[in-house]
Amino acid sequence: MSEPNEAAASLSVASSPHITTPVTCTHIMLWVVAALAPAMIWAMVSMGWPAIRVFGLCIGSALGTEAAWNAIAKKPQTLLDGSALVTGILLAMCMPPMLPWWMAVVSGFIAIALGKMVFGGLGWNLFNPALVGRAFVLMSWAGVLSKLPDKGWFRTLDIPAAGGLDAISGATRLAVAATDRAASGGYGFVLSAQYQPLLWRNLEGSLGEVSAALLILGGLVLLAKGIIDWRIPAGYIGAMGLLSWAFGSDPIFNVLAGGVLLGAFFMATDYVSSPMTKNGKLLYGIGCGVFNAVGRFYGPAPESTTFAILFMNGLAPLLDKLFVPRTFGWVKRHEE
Amino acid sequence: MSKAAFKGGVHPPEHKEATASSPIERGPVPGRLVVPMSQHLGAACIPQVAVGDSVRRGEIVGSVDAAVSAPVHSPVDGEVTAIASSLTTGGGHATCVVITPLAEQDFDAFVPVPEGDVRARVGSAGIVGLGGAAFPSAVKLSPPKGVVVHTVILNGCECEPYLTCDHRLMVESPGRVLAGARIIAETVGAKRVVIGVEENKPDAIAALDSLAGDGVEVRSLVTRYPQGAEKQLIWAFLRTEVPHGKLPAAIGALVHNVATAAAIADAVELRKPLMERVVTVTGRVARPGNYRVLLGTLVSDLIEFAGGFSGDVGRVVAGGPMTGLALADLDVPISKGTSGIVVFGPDEIAPLVQGDQPCIRCGRCVAGCPMSLQPFAIATHANRRDWITAETLHPIDCIECGVCAYSCPTRRPLLQLIRLAKSAVMAKGAAL
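Chains as they are written, first to last, in our numbering: chain C, 1 to 336; chain X, 337 to 768.
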């Protein structure tokens, strides 16, 4: 105990408010990591070493690029904000397990360097960094991401065939569905035979497509913790389901398959690249769903999640301008 | 009973348990009282006494002939020992009348204010808004000509964390609060009286409800900061927004704090001037409590009376943690608007931010802003000193509740930057 006047010499003075929420940027990012963890761990367990390898390379490359950039630019280190870790994990989750090691490293570098740091670091980037990394690989080495090839420098992997598809040399479920559509003139409307593997153990796709159920679980955790707003995933999944149905396909299959759930819960909800107002978020979510569906059914490649979200990222600042909330009290002239 | 609420806000940890059940007790009679001549919004008073004068409790020691002001009374029987400039809780200086109290004090006795109508008594009793704004109450009781006030709202929210002075007053003296409510309503001709209390104070709601009778509604509100902000409170009950740049009277509403209402009742019924107020002293003090403090008591004397500090001290705040003022010096007097003294440990206060922090666009400030502003954007423009763009985002409408800065996960000093924009925009307006 000290006398009041003795202590006065060391009193800290600042303007109000004098207290802050315990929630920091790092907390938020670690919750996102925690929400991704079940799907991530299950992918490693199900796919084994190749999945662990891709996760390790993507995360390591993302963290390393950010640390190196800050060191070269003589800026304070920012790894502890957790955002590079999230980018690394998300990037790996939209890559196939057989990704060549150097492609993983390049994608991590592109994601952080071109996706984030050139804009000025966290908060200033227009596009989702992980999707920038994925888009780069998608465009540079077309076909790698939606196929699981079996020759050349792609090492084969002992994955047991699942769902009646040939996992080793086959294409992803979406690619197969697209081929079927081309052959038969349309998707079979009900693809319920696919629900179970998509929900629990789907080995024909990216690391983030192994279990839709675990992605939904993670999304619900983020919603329950108030970290993401329901409007983006609801708009996204709603629009995707509705349009799939309108295009004559099974809406449930189309939501469960491909990157829709990962995109709706974890990619499109990225704070930095999405709108900030309620209405803006809803419209943005719907936009993601619409472009994803249109791309999937009418685009050149079946996987259109990446470009749907990147496109809406570009529109996010516009949506923010469109939906500036009306300031409280700025009402039409009151009747006197 | 339905629960009303406003849009937005946050719910910080309340920290009210230390004092919520501590009955109001009399504070210290210190060796000297430093009574500021400016304890209110409006013109400062001019001392009406000289050094060496003996003064009686309730006697006017300062007043001024101005439309917006409030006279200051001696809280004790004593002798004027100095008239000097002193630091105040706001960080500025004010002329103060220094009074040395006599050894014997009779707190039941006082010099009554002159006879007169309600407004005259409230005016000469020096009543000001006790919620913190310290606006002279007599002025608020005189709405402009042609304005019809249909609803009087009493603010018993006490939404600031830590503070419990209004809570205890409502529990212990509900009759005084209700008497004040009726006087205010009668004076302005309002038909409806609503007393709003946050639901975290069920004993206060019950105490008021048991005596309310006809014509007074006691309503519980969702516990969420800043529920007690004037415009938000009005919206919660009337679902009408006070238009930009207008007073609540423009939509027929008048808001007074519950403690102000009780003081108005005392002024009108007992002709008692405002000489003391209830102050919550809490945080890292040995004996936290709600004390009836003589105006002019130094914060240092009050903290000593509350047992002194009980641990490392980082910051002492006059008022609540969301809107209060950090004190650089504890030898400053308690004034009419001081609702609390909160002592924080170094680990309990918001860290001082070094350098620019990035906005991660999480939207928490937008979702929380009770005025539907975009704090992140105003702050960004303020950082660039771009006042023209900042002005289009209405910083003037900011009520400075602090929700944005409280909720920012990267700890951007949002409110501080908005204040900067506000003053720049106001200065620009004044220059035109």
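The hints are simulated quantities; they were obtained by calculation from the structure and are not laboratory data.
Quick caveat: nothing in here was measured; it's all calculated off a predicted structure.
Where hints are given, some of them may not hold.
Calculated lysine-lysine pairs in the DSS-like style (CA-CA distance at most 25 Å, straight line) [claimed, not checked]:
| id | chain 1 | residue 1 | chain 2 | residue 2 |
| --- | --- | --- | --- | --- |
| 1 | X | Lys481 | X | Lys343 |
| 2 | C | Lys225 | X | Lys764 |
| 3 | C | Lys332 | X | Lys343 |
| 4 | X | Lys582 | X | Lys764 |
| 5 | C | Lys321 | X | Lys343 |
| 6 | X | Lys582 | C | Lys332 |
| 7 | X | Lys343 | C | Lys278 |
| 8 | C | Lys332 | X | Lys608 |
Hints, one by one, checked against the model:
Restraint check: the Cα-Cα separation between X:Lys481 and X:Lys343 comes to about 32 Å, which exceeds 25 Å; the hinted pair is violated. For the proposed pair C:Lys225 and X:Lys764, the alpha carbon gap of about 43 Å is over 25 Å, so the pair is violated. Simply put, C:Lys332 and X:Lys343 have alpha-carbon atoms about 19 Å apart, close enough for the 25 Å limit, and the pair holds. Distance check on the hinted pair: X:Lys582 and X:Lys764 sit about 20 Å apart at the alpha-carbon level, within 25 Å; holds.
Straight-line distance between C-alpha atoms of C:Lys321 and X:Lys343 comes to about 21 Å, which keeps the hinted pair within the 25 Å bound. In summary, the hint linking X:Lys582 to C:Lys332 is supported, as the alpha carbons are separated by about 13 Å, within the 25 Å threshold. Restraint check for X:Lys343 and C:Lys278: satisfied, since their Cα atoms lie roughly 13 Å apart, inside the 25 Å limit. Taken as a hint, the C:Lys332 and X:Lys608 pair is broken in the structure, with Cα atoms around 44 Å apart against an allowance of 25 Å.
When held up to the earlier numbered hints, the structure conflicts with 1, 2, 8 and fits the remainder.
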